[in-house]
Structures are given as structure tokens and as C-alpha cells.
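Q: Sequence:
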Amino acid sequence: MKNSVSVIIPFYQRSMGLLEKALLSVAQQSAFSQIDKVIVVDDGSPIGAREEIEQLNNNQPLLEKIQLIEKPNGGVASARNAGIDAVSAEVKYVALLDPDDVWLPDHLELALEALRSGSDFHFNNFTHIGQTVGAFERAGYITPSEHPPLDNEYNHTYKGDIVRQITTANVIGASSVIYDIKKHKDCRFKTDFQFAGEDYLMWLDITRNTDGISFTNKITTHCGEGINLFSGAAWCSAHLSKRLFDEINYRYFLLQNIAMTESNRLRVVEMLFDNRNAYIGNLQSMLKRLKLSGIVLLLKHFTYNKPFRDTFLKRIK
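Quick note, my numbering runs 445 ahead of the 1-based positions in the sequence shown.
Simulated from the structure, these hints should not be mistaken for laboratory data. From the three backbone atoms N, C-alpha and C, an ideal C-beta is built for every residue, glycine too. It cannot be assumed that every hint is accurate.
What follows is a set of in silico ranges between Cβ atoms, one per label pair, in the way DEER data are often shown [stated by the list, open to error]:
id : residue 1 : residue 2 : range
1  : Leu508    : Leu758    : 53 to 61 Å
2  : Lys751    : Arg459    : 28 to 36 Å
3  : Ala614    : Pro517    : 33 to 41 Å
4  : Glu554    : Lys627    : 17 to 25 Å
5  : Ala704    : Asp637    : 17 to 25 Å
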């Protein structure tokens with residue numbers, strides 16, 4: 446089946462060359478002929494996506510598939526949603542790729558094989574920047590032999606508590622996800638979460654409406670620093686305060702809205718208070734260095750956000 450998948454790349458970067466590498470990894474896919482569009486959403490990036498795309502002028506097959514959307518900055522959730530909204534009604538699958546990540550050549554081929562076996566949400570094993578061991582192995586939460594094999598040695602049907610997997614030991618990276626947009630056409634990323642949690646909530650929205658979940662145990666994605674520099678938020682920074690603020694609100698949201706086992710819930714509460722303590726520690730570090738922006742953020746977060754305030758005051762039911 447040709448033209449069955451659209452690739453969505455939200456773009457916000459300060460370094461030249463990252464998007465070009467991501468796009469070239471798409472061009473090298475063994476299933477490249479099955480891609481309808483590569484939708485790049487420039488989310489008000491300091492480095493323009495158009496500049497990067499122009500570097501591909503000798504790769505006509507890829508250029509013919511690229512659709513560029515330029516919009517004011519609204520965060521990664523907003524950018525991904527803009528890409529989803531632009532997917533053709535004829536397309537069945539959406540594949541996500543962040544602009545500083547790359548796919549290995551068989552990434553799409555393996556995922557599409559699993560999806561066509563009856564799955565409608567698929568993810569794969571991946572590495573983080575500077576690492577060679579896959580996320581599945583590092584987390585220790587996915588043992589392939591415990592999940593029924595599919596059509597080859599790498600693909601499996603996921604059998605287990607997917608809510609626990611996502612909320613306490615998530616190994617579903619955004620650049621590893623491909624899903625059936627026809628079955629989940631109304632699912633969107635939550636734009637309230639700009640620095641953390643928006644992807645996990647999307648996975649929960651999709652998987653709670655399906656039993657058709659699959660994964661590829663083989664590493665087919667190499668991840669960079671992250672679209673919102675999640676892993677690069679330095680200690681003693683406003684960026685880290687914002688990230689921890691979203692993590693607190695995300696886990697509060699889970700407790701209020703997502704059905705889970707009691708052990709799952711207790712683990713989420715524990716992680717929530719770890720986030721709160723890290724927020725306080727980061728604030729103290731900022732104040733020692735006379736970074737008053739920490740106080741400004743605390744007042745803003747505490748005054749206008751009840752989930753954050755409840756967590757800060759330890760009122761978790």
C-alpha cells in the first residue's frame with residue numbers, strides 16, 4: 446500500500462543541521478515509497494526550518510514529500526497538533542519524529558508490518574544521546590518473551606498493564622510512535638503541558654481505546670536532546686522550574702483522571718513528591734545565586750495553578 450503514512454516533525458531548534466539529519470533518515474527508509482507527506486511544523490524556531498530544508502536541494506524525492514507549516518511558537522504539543530490537523534484524509538498512519546532524532550532504515554517497515562497485523566498503536570526500542578543500550582533494556586520493564594510474537598523476530602503484541610508502563614516507567618519515546626489516525630482521529634496532544642507530560646497523556650488517550658498495541662524490540666531510533674530540551678534543563682534554571690512545574694501538574698492530572706491500580710497510584714504519588722522536592726531544591730539553588738526569576742515563577746505557579754498548589758501543600762487524596 447503506497448502513501449499510507451504521514452511523518453510529523455515539530456521543529457524548534459537553536460542549532461543548524463539537526464533537522465537535515467532527521468529528514469535524511471526519513472529519506473533512507475526502506476518503506477520510503479509508502480510515505481505520503483513529511484509534515485514539518487516550524488513552531489517559531491530561532492533557526493528556521495525553511496533554511497534547513499533548502500540544504501536538501503539535491504534530494505528531489507524527499508523534497509517532493511515535504512510540507513512545511515510555519516506558525517508562531519506555541520510549544521511542542523501545539524506543533525504536533527498542527528501536523529496532525531494537516532494529514533490527508535486518505536492517510537491511515539501517523540509517524541512522529543523529533544527534529545534532533547534519527548530513524549534507522551527499517552524503522553517504518555517494521556512498524557507498518559506490525560500495524561497491518563492488527564495493531565493500531567506501535568512503538569519501538571530506541572537509544573538516548575550518548576548511549577548504546579536500548580531504553581527497553583535500561584528500564585527493564587519490557588521483556589519481549591512475555592509478549593506474543595508477530596510477523597518477524599522483532600515485532601510483538603504488547604500484553605500487560607500499559608497504564609503502569611506509561612505512568613511509572615514509560616519507554617515510549619515520541620520518535621518511536623506510529624499510530625492509526627483513522628481509528629484515533631480525535632486524539633490530540635494537550636497544549637497545557639509545554640515542557641513535560643504531553644506525550645504520555647497522548648499515549649494514554651490512544652491506548653485506553655484499543656487493545657491493539659504492538660512494539661518492535663529492535664533499536665530503530667536514535668534520540669538527541671529532545672524537542673523541548675527535556676533532558677537538557679540545567680539545575681538552578683528557570684527552564685528546570687518550568688519543566689518540573691509541568692511534571693507536577695501532569696502527575697496530579699493522572700491521579701485525578703486516569704484509572705490505575707493502587708500500587709500504580711502510590712508510585713505516581715511518590716514521583717509527584719519527588720518532582721515537588723526537586724522544584725524546591727532548584728528554587729533554593731536559584732535564590733542562593735540571586736536568580737530572582739525563581740521567586741517570580743513560584744508566585745505565578747502557586748497563585749494561578751491549583752494542582753501545583755495542592756501538591757506543594759501535600760494535599761493529595
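Q: Are any of the numbered hints broken by this structure? If so, which, sorted upward?
A: none
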